[in-house]
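Listed in order, the protein sequences are those of chains G, L, U and P. Start counting the first sequence at 1; every next residue gets the next number (the numbering used here). Start counting the second sequence at 1001; every next residue gets the next number (the numbering used here). Start counting the third sequence at 2001; every next residue gets the next number (the numbering used here). Start counting the fourth sequence at 3001; every next residue gets the next number (the numbering used here).
These are calculated hints, taken from the structure and not from any lab test. Ideal placement from N, C-alpha and C gives every residue a C-beta, glycine not left out. Heads up, a few of these hints could be off.
[What the hints assert, rightly or not] Going by beta-carbon spacing under 8 Å, a handful of chain L positions derived as facing chain P:
(1) Ala1022
(2) Phe1023
(3) Ser1056
(4) Leu1058
(5) Pro1060
(6) Arg1062
(7) Val1064
(8) Ala1080
(9) Pro1089
(10) Gly1093
[Unchecked claim] Within a straight-line C-alpha distance of at most 25 Å, the following computed SDA-like cross-link-like pairs (lysine to any residue) qualify:
(11) P:Lys3069 to U:Arg2037
(12) U:Lys2125 to U:Ala2137
(13) U:Lys2125 to G:Glu21
(14) P:Lys3125 to L:Val1064
(15) P:Lys3125 to P:Asp3038
(16) P:Lys3069 to L:Val1064
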Amino acid sequence: MRDSVSTLVSIRLVYLARLREAFDSAGEALELTSEDAPTVASVIDALRRRGGAWSSELAPGRAVRFAVNHRLARASETIANGDEVAIFPPVTGG
Amino acid sequence: MRDSVSTLVSIRLVYLARLREAFDSAGEALELTSEDAPTVASVIDALRRRGGAWSSELAPGRAVRFAVNHRLARASETIANGDEVAIFPPVTGG
Amino acid sequence: MAVRVQTEDFDAGVEIARLRAGDRGVGAIATFIGTVRDVNDDATVTELTLEHYPGMTEAALEAIVDEAKRRFDIRDALVIHRVGALAPGDQIVLVIVTSEHRGMAFDACEFAMDLLKTRAPFWKKERLPDGERWVEAHASDDEAAQRW
Amino acid sequence: MAVRVQTEDFDAGVEIARLRAGDRGVGAIATFIGTVRDVNDDATVTELTLEHYPGMTEAALEAIVDEAKRRFDIRDALVIHRVGALAPGDQIVLVIVTSEHRGMAFDACEFAMDLLKTRAPFWKKERLPDGERWVEAHASDDEAAQRW
């Protein structure tokens, strides 16, 4: 029998560079409630539903990159309770 | 009517690195008498006829390189009066 | 430390000397320095600000150095990347690779730069005479990274 | 001066700063340094002597720099090569190329080194524990030069 708490995933979101400015936020805490294992894509879907800059900057086809716990990740990567998920434009260093 | 002096070609020979040591000479003046336009190969032939280190170091098949007036040259390059002809092993700098 | 992220400038000569110090097996040292150009995409750049993702940045650079050491027969490698506000002419990034022979040093140095351009969390914002803009990523950088 | 042949050591940091000084269009600097290894072909090297062909050497290096500038879209280039007696760890050769973008700088720098290895009149003699020997040319250097 699953504990009902197990369906609640708390993550830390980090926004960087152009997205930090567009969202007027460097990050936030987010709680996802899901019966399935949530992925980066689940997070993006949740953010898009906020509308405004969230839906335009994260619209399908926009170049957006992700990192989970400081490692580059694909949208299909699953996330777990306590993870840090960063969302940012393609990098331009060097 | 050609002047008989035109068939006498005076060049300066320079020997470098292993060849300088093998010939026990850094260079010498050489006069070639030829009806045809002499080439680097003519010079090598003349030197080979001296025997000893000359014929062994300059034997066909040995890796030898040439420069005429400070520019890399092939054995077929023609030489003119006053030219400086350098003979040396493949370079190993850098 | 094989990687450093810092606001301060660096001295390539000093870093090269330090990286190869004591290793008499080194015969080749390839170095790359990226600098701020005063023009980009036909616009005059008066200032360049480098933002990064603290926490991830050093780990990303270390992963690049590790990958270069795994793929190429090299002796050692160093990456320094600056962050913060920079002016045209300023140095941005330094990559040094030491090896026995030159081919591996050149390849590993270019490989590290190609990966850095696509995998290290840095973002450039340019100040132009009439405002600011975030630098857009180049498709050519993705292509360069995919060669390896 | 785009080329120098000298017995004295060089400081890569100083030369890089000098080559790019005043050119704010430079965005990339590729540098190569060749150094004396303490082992070559499994023998311990205690000293390396560089002989050259005075008169031809600088012209040959200038021709290499000219060719690099002709073939690659670069801003400037410098070659320094030392001659005389050197010890393990000593610097032998320095090539610096400045350009707008990194690909050209890397290519031109490696191109210049490949040409230098096959066209510049330098010869190395190694002192080993039991005598001296002239370094033999490598077929791999001919192959490297033929890539371009």
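Now for the hints, and whether the structure bears them out:
For the restraint placing Ala1022 of chain L at the interface with chain P, the shortest Cβ-Cβ distance is roughly 10 Å, beyond the 8 Å limit, so the hint is violated. For Phe1023 of chain L, the interface hint is violated, since its Cβ never comes within 8 Å of a Cβ in chain P; the closest pair sits about 14 Å apart. At about 15 Å, the closest approach between the beta carbon of Ser1056 of chain L and any beta carbon in chain P exceeds 8 Å, and the interface hint on this residue is violated. Because the beta carbon of Leu1058 of chain L sits about 16 Å from the nearest beta carbon in chain P, more than 8 Å, this interface hint is broken.
Interface restraint check: Pro1060 of chain L against chain P, minimum CB-CB distance 18 Å, threshold 8 Å, status violated. Interface restraint check: Arg1062 of chain L against chain P, minimum CB-CB distance 12 Å, threshold 8 Å, status violated. Given hint, Val1064 of chain L at the interface with chain P, is violated; its Cβ is 11 Å from that chain's nearest Cβ, farther than 8 Å. Checking Ala1080 of chain L against chain P by beta carbon gives a least distance of about 18 Å; that is not within 8 Å, so the hint is violated.
At about 7 Å, the closest approach between the beta carbon of Pro1089 of chain L and any beta carbon in chain P falls short of 8 Å, and the interface hint on this residue holds. At about 3 Å, the closest approach between the beta carbon of Gly1093 of chain L and any beta carbon in chain P falls short of 8 Å, and the interface hint on this residue holds. At most 25 Å may separate the alpha-carbon atoms for a hinted pair to count; Lys3069 of chain P and Arg2037 of chain U meet this at roughly 20 Å. In summary, the hint linking Lys2125 of chain U to Ala2137 of chain U is supported, as the alpha carbons are separated by about 12 Å, within the 25 Å threshold.
Of the supplied pair hints, the one linking Lys2125 of chain U and Glu21 of chain G holds, its CA atoms being roughly 12 Å apart against a limit of 25 Å. Between Lys3125 of chain P and Val1064 of chain L, the direct Cα distance comes to roughly 17 Å. Compliance with the 25 Å bound is thereby established for this hinted pair. The hinted pair formed by Lys3125 of chain P and Asp3038 of chain P meets the criterion: a straight-line CA distance of about 13 Å does not exceed 25 Å. For the hint pairing Lys3069 of chain P with Val1064 of chain L, the CA-to-CA distance comes to about 29 Å; that exceeds 25 Å, so the pair is violated.
Comparing the model with each numbered hint stated earlier shows that hints 1, 2, 3, 4, 5, 6, 7, 8 and 16 do not hold.
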